[in-house]
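Q: Given next are the chains, with one letter for each unit.
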Amino acid sequence: MKDFNLEPDMEHMRDMTRRHFLRTSGSGIGAAALAMMMGQSDNAQAADDPLSSVTHFAPKAKRIIYLHMAGSPPQQELFDYKPELIKWNGKPCPDELFKKERFAFIKGHPKILGTPYKFDQHGPDGTWISELLPGLASMAGDITVVRSMFTPQFNHAPSQLLLYTGSAFPGRPAMGSWLTYGLGSENQNLPGFVVLVSGNTPSAGKSVWGSGFLPSVHQGVQCRTTGDPVLYLSNPKGMDRSMRRKTLDAIAQMNELKAQEDGDPEIHTRISQYELAYRMQMSVPEVMDIAKEPESVREAYGAEPGKGSFANNCLLARRLVEKGVRSVQLFDWGWDAHGTGPTDDIVTQLPKKCKETDKPITALLRDLKQRGLLDETLVVWTGEFGRTAMNEERNGSKFLGRDHHPGAYSMWCAGGGIKQGGNVGATDDFGYAITETPVHVHDLQATLLHCLGINHKKLTYRFQGRDYRLTDVHGNVIPEMLA
Amino acid sequence: MKLYISVLATIATGLISVSTWAEDPISYSRDIKKILSNNCFECHGPDSQARKKTPRLDVAEGAYAKTTGGITPIVPGNPEASEIIKLITSDDPDLMMPPADSGKQLTEKEIELIRQWVKEGAQYEAHWSYVAPKQATLPSVSDKGWVSNPIDQFILARLEQEKLTPSVEADRRTLIRRVSLDLIGIPPTPEEIDAFVNDKRSGAYARVVERLLNSPAYGERWAGMWLDLARYADTKGYEADRARVIWKYRDWVIKALNDDMPYTQFTIEQLAGDLLENPTEDQITATAFHRNTMNNDEGGTDAEEFRTAAVLDRVITTMQVWMGTTMMCAQCHDHKYDPISTKEFYRFYDYFNQTEDNDNNDESPTYWHATQEQKDQIAKFQKVVNASNNIIKKVDESLKTAKEEKVALNKEKQAAVKRRDFVKPQLDKIMASTVRTPVMVELPDDKKRTSHILIRGSFLAPGEVVTTGTPEVFHPFPEDAPQNRLGVAQWLMSEDNPLVARVTVNRYWEQFFGAGLVGTSEEFGAQGDLPTHPELLDWMAVDFMKQGWSFKDLCRTMVMSSTYRQASNVSPELLEKDPANELYARGPRFRLGAEQVRDQALAVSGLLSKKMYGPSVKPFQPEGVWKIVYNGDQWTKSEGEDAHRRALYTFIRRTTPYPSMLTFDATSREVCTIRRIRTNTPLQALVTLNDPVYVEAAQAMARRILKESSESTLDARIQFAMNLALGRIGSEPEIDYMSHLYAQALDTYKADADKAVALSSSWVGPVPEGLHADELAAWTVVCNALMNVDEFLTKR
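Sequences listed follow chains A and B, in order.
Position in the first sequence counted from 1, then plus 292, gives you our numbering.
Position in the second sequence counted from 1, then plus 1094, gives you our numbering.
Calculated directly from the structure, the hints in this document are not laboratory data.
One should not assume that every hint holds.
[Said to hold, decoys possible] Just so you have them, the derived chain A footprint on chain B, three or more residues with Cβ under 8 angstroms:
1. 1386-1398
2. 1689-1696
3. 1748-1762
4. 1774-1785
5. 1826-1838
[To be verified] Distance condition first, Cα-Cα at most 25 angstroms in a straight line; then the derived PhoX-like pairs of lysine-lysine:
6. B:K1469 with B:K1523
7. B:K1844 with B:K1801
8. B:K1146 with B:K1198
9. B:K1705 with B:K1523
10. B:K1203 with B:K1180
11. A:K352 with A:K599
12. B:K1238 with B:K1294
13. B:K1146 with A:K538
14. B:K1646 with B:K1349
15. B:K1731 with A:K529
16. B:K1505 with B:K1487
17. B:K1640 with A:K749
18. A:K538 with B:K1477
19. B:K1488 with B:K1437
20. B:K1844 with A:K529
21. B:K1523 with B:K1147
22. B:K1671 with B:K1704
23. B:K1146 with A:K749
24. B:K1801 with A:K529
25. B:K1146 with A:K352
26. B:K1198 with A:K749
27. A:K403 with A:K391
28. B:K1198 with B:K1147
29. B:K1523 with B:K1500
30. B:K1228 with B:K1844
31. B:K1849 with A:K529
32. A:K749 with B:K1238
[To be verified] DEER-style ranges, computed between Cβ atoms:
33. A:G598 with B:S1703: 33 to 41 angstroms
34. B:S1703 with A:K615: 37 to 45 angstroms
35. B:K1731 with A:E393: 41 to 49 angstroms
36. B:Q1466 with A:K392: 47 to 55 angstroms
37. B:D1830 with A:D764: 53 to 61 angstroms
38. A:I378 with B:L1554: 26 to 34 angstroms
39. B:L1554 with A:P597: 47 to 55 angstroms
40. B:E1805 with A:T518: 43 to 51 angstroms
Fair warning: this is a prediction, and the values are worked out from it, not measured in the lab.
All C-beta atoms in this analysis are idealised placements derived from N, C-alpha and C, irrespective of residue type, glycine included.
With the sequences and hints as input, model every part of the structure.
A: Rendered as structure tokens:
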């Protein structure tokens, strides 16, 4: 908690300690609200540390949108063009590709699977992008594709945990939690870290947006498209907003009285948190209501009010970052292309998923760009690991698909601080091993934090006697990814 | 020993009055160790690999020794000749320490402290928590009348030193609410309050305490704390996160606590009940403690990978819970702050690496909780079903070739089917009524695993072979103890163990007072906080052991102290001087835990079920919260009283824990949690304002008011409500606020019958005969407000 990174406009708060806030919180805003604004925690540990030891550099990005294709898309069909695989298609793979390797499902001597899709080069750097993503291809000049990602994790849940919390085992804070802890929130009426899910909850469950050992104020808040957008947001049936106001006034009067008698500053914090809750009851439904968007915008995204679709979530992501939400995390289910049937193969399912997501992602990038938000917003697209160069053929399946492959995969990012139209890294002819600029998950995290003005080694939190950080004890910024 | 006492004395005097530091000699434990630990030990500490060939600074032998390069890191008494002073004051990026790229930096004040310490002789001291606790002579105090027990003597001595006086005793209403919430997790009833207020005999408070300690609800409340440590949950975790039947273990904990099982036995049975001679069903059930580790049922996982992960978790959790020591660093490299090597980690791992469980989807081995009668019956039914199935199969075979015998064969088949269909449901029923709990079973000697150092913690990279052993820095393994889990349990509970009693006492203190005497209740090693009242901690630790490790005695000692009984209101002056109440010049005041918040709302509304034990329940939860991949389980709301059981019986799914509890800082139970961090957030307000569980409670409480209040005036009813919710009589302005709210609400609901019906009955059920929806709705508003005032959510 010693080292802290603040935004430049918060520097005036540098000298204040949290304890000072506690003492003066009677004057209006509650200590925790202030603490939240500053991303500071509500526990005693944090109490003593002055914020004066800040070391930071100017952030390029202020916010981040993470687009996670849960299950992990096959890089061979989308970004990592491998003509050699097409030549070898259907042939038993070379021994070195499968001897000594661990597979989740592949048994025996697997056969190479060449991609059935065409690739073209796009953008100033000639980025290879598959015909499955025509929209994204038109934005090639804005994104940087990394084809040399790797992870030590091999199953969905642990690798998602590693990607979002820096550890393959549960218990650590998610990146979004680190960011609200480190940078605070720009909007007091909305949660600083919002999660939007289309389809099922991701494999690793809510731990991927949990606050771990950070105070729960930094937890990701799942905003839902059906039911209450935030759990328990709506007043009970029969209680309208005006009755709620009256109730809150009475609660505040009782609390004020108690604050005078008991003298505990925490009471004022509670008063302000109730007020914040009341404001959220307005601001959350408002921001979540995409019917407010012009039809042309909704159409560009392919969004339809009332649906829990990825398209709606992309549009919501823009609305949220526009309002100053620090981290928006999207999860989309259905990318685990094993090829056990038509719902998880690369011939039927993959084009379907690409079609569902290409349009909204393209619209999101364009929209952010048009509004001048892309310069200060990071957009990251990724799965949790790669897929094999070989056809999985589980139990002799006739559907084409690929098994898990942690050794190499592709992702892209765009926006604040990221090189425009770049390519990073390369893999061998089979797309199996990385031959150039390997990027570990911790390196990616370090790089993204860098874009947000944070030295990943300095954003720390003391827990169990150790200064923890998102990147654990690893991670290097990858200069090739930066503008 | 002398040295240690002087260390304690310096710790005790130095913690809060920073201003006195300059005058005292510098103390390694108090002033220096943490600076070096935070900034230097990562590379110059116990971790030999990180140290490479550079000097070791956590021990005098390393710091005073001349390196091969001819420099001496520390020359006692001579800062100028000490290399570390040169380096920590250097501006040269190639020389400066900590290195420029480390992200660490010493402050001016820290540099000055180190320089002064070196100048004064650079004396190292043993780490306080590794030296056995001893009961110091009780300090003398002036105000002897205030002292109820030795706790007070230590607290008061310190207060007098700081020129502070303790607060008055809390009034009886406040006190009985505080102690009830603390000891049994639910507030007192109006009758219990009256009885205490009107009990004019001496010892009234002690009698309340005894009643609470003997209440079955005591075990439920304290089980809540223990289950966080045990990472108890009703699912296996990871992707599929399927259900796990392990609630018998939860019930074991409740019973053990209610029976006041000594901590020694409590420990031995959980860690090694299966290794006791002729273990009972309960002793085997207790071993489920370490079967609460996660299982990965995801397709394509390597069972060995997650078996290893479970064993690592057992090692880490054991050290956390009993030793207050963070071991997880040492699974990959020598510990950077405490002298625990990777080899020692894996020697300890070897004790836990010898059980049969293997990340199997069926959770084997399990203990089958069935009586002999049930087992006999099952065997009997199973025999009938199997025999019938055999007949059916044989007949089907014969039918393929049969001609004239067809009729007879068909008759035979029909009879068999009939028999089977009659017996099968009975078999299913009795099977369902007997559960199987995952437990620990030791591998037979000829199947014991060989343990290796796992390089960087990876199961794929076994290194050197290791055998059982405990880290050298700790007390010795008892000579007569077996080299297995049972021996580990005996080692942990040995009276030579300097940590276990301190760690436990501190955790209990934290529950009562909001923070431990050692603030980092999870970490007693080099990186942990120093105790604010070291002699008090040690006195209680020794007392806990002397009293036979009784948790009830420990609770009694704490709640009977005058320190605990003080009023919790605070003057601006005292708040300024001691904002975090580290001196205890006032009573504890902090927000209730997640379980208490829920249980209290149900209790005051009259909805709370007293039913104990049994399978976990699924009270109301918003739709759509459970949507988990590869798992079709549904949250089907429990009916009847199971919808209103105490929070600890709520089904916990690790990947999607019960949302309102999580909002109040409960954990997902994926890993051992020693200390929950308390927060104060808007999402908590939304829970208690709008969650149907709390709306229903307000509706039910409204009905109680109208039915049970002896007088029917508005003021009397508001008093009744205040007494139910807050356990006290309302002041005049409070009555005004609430009656004003009531009047406004009544106007609203008189004008809108639909709204009135909705708010008064949406969750709790139709308006009972003789009551009016508008009045009930207005009372629901008042009750909803009362359940959201700070005082309701707070122990004070």
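Q: If a hint holds in the structure, say so; if it does not, say that too.
A: Here is what the structure says about each hint:
1. 1386-1398: holds (count 7)
2. 1689-1696: Violated - the stretch 1689-1696 of chain B has 0 residues with a Cβ nearer than 8 angstroms to chain A, which falls short of three.
3. 1748-1762: holds (count 10)
4. 1774-1785: Coverage by chain A holds here, the residue count being 11 at a Cβ distance below 8 angstroms.
5. 1826-1838: With 7 residues in contact (Cβ-Cβ under 8 angstroms with chain A), the coverage given for the stretch 1826-1838 of chain B holds.
6. B:K1469 with B:K1523: Within the cut-off at roughly 13 angstroms; holds.
7. B:K1844 with B:K1801: 20 angstroms, holds
8. B:K1146 with B:K1198: 20 angstroms, holds
9. B:K1705 with B:K1523: 23 angstroms, holds
10. B:K1203 with B:K1180: Between K1203 (chain B) and K1180 (chain B) the Cα gap is close to 16 angstroms, so the pair holds against 25 angstroms.
11. A:K352 with A:K599: Violated, at about 34 angstroms.
12. B:K1238 with B:K1294: Holds, at roughly 24 angstroms.
13. B:K1146 with A:K538: 67 angstroms, violated
14. B:K1646 with B:K1349: Holds. K1646 (chain B) to K1349 (chain B) sits at ~13 angstroms (cutoff 25 angstroms).
15. B:K1731 with A:K529: Cα-Cα ~20 angstroms, so holds.
16. B:K1505 with B:K1487: 14 angstroms, holds
17. B:K1640 with A:K749: 47 angstroms, violated
18. A:K538 with B:K1477: 69 angstroms, violated
19. B:K1488 with B:K1437: Judged against 25 angstroms, a Cα distance of about 61 angstroms means the pair is violated.
20. B:K1844 with A:K529: The hint holds at about 16 angstroms.
21. B:K1523 with B:K1147: 68 angstroms, violated
22. B:K1671 with B:K1704: Between K1671 (chain B) and K1704 (chain B) the Cα gap is close to 44 angstroms, so the pair fails against 25 angstroms, i.e. violated.
23. B:K1146 with A:K749: 22 angstroms, holds
24. B:K1801 with A:K529: It holds: about 23 angstroms lies between the C-alpha atoms, which stays within 25 angstroms.
25. B:K1146 with A:K352: 38 angstroms, violated
26. B:K1198 with A:K749: 9 angstroms, holds
27. A:K403 with A:K391: Cα-Cα ~13 angstroms, so holds.
28. B:K1198 with B:K1147: 21 angstroms, holds
29. B:K1523 with B:K1500: Measuring from Cα to Cα gives roughly 35 angstroms; hence the hint is violated.
30. B:K1228 with B:K1844: 69 angstroms, violated
31. B:K1849 with A:K529: Given pair K1849 (chain B), K529 (chain A) holds - Cα atoms ~7 angstroms apart, limit 25 angstroms.
32. A:K749 with B:K1238: 53 angstroms, violated
33. A:G598 with B:S1703: 33 to 41 angstroms: Given about 38 angstroms between the Cβ atoms, the range holds.
34. B:S1703 with A:K615: 37 to 45 angstroms: Cβ of S1703 (chain B) to Cβ of K615 (chain A): about 43 angstroms, so the range 37 to 45 angstroms holds.
35. B:K1731 with A:E393: 41 to 49 angstroms: Holds - the Cβ-Cβ distance for K1731 (chain B) and E393 (chain A), about 47 angstroms, lies within 41 to 49 angstroms.
36. B:Q1466 with A:K392: 47 to 55 angstroms: The hint (47 to 55 angstroms, Cβ to Cβ) holds, given that Q1466 (chain B) and K392 (chain A) are roughly 52 angstroms apart.
37. B:D1830 with A:D764: 53 to 61 angstroms: 57 angstroms, holds
38. A:I378 with B:L1554: 26 to 34 angstroms: Because 33 angstroms falls inside the window, the suggested range holds.
39. B:L1554 with A:P597: 47 to 55 angstroms: 50 angstroms, holds
40. B:E1805 with A:T518: 43 to 51 angstroms: 47 angstroms, holds
In terms of the numbered hints stated before, the structure departs from hints 2, 11, 13, 17, 18, 19, 21, 22, 25, 29, 30, 32, listed from lowest to highest.
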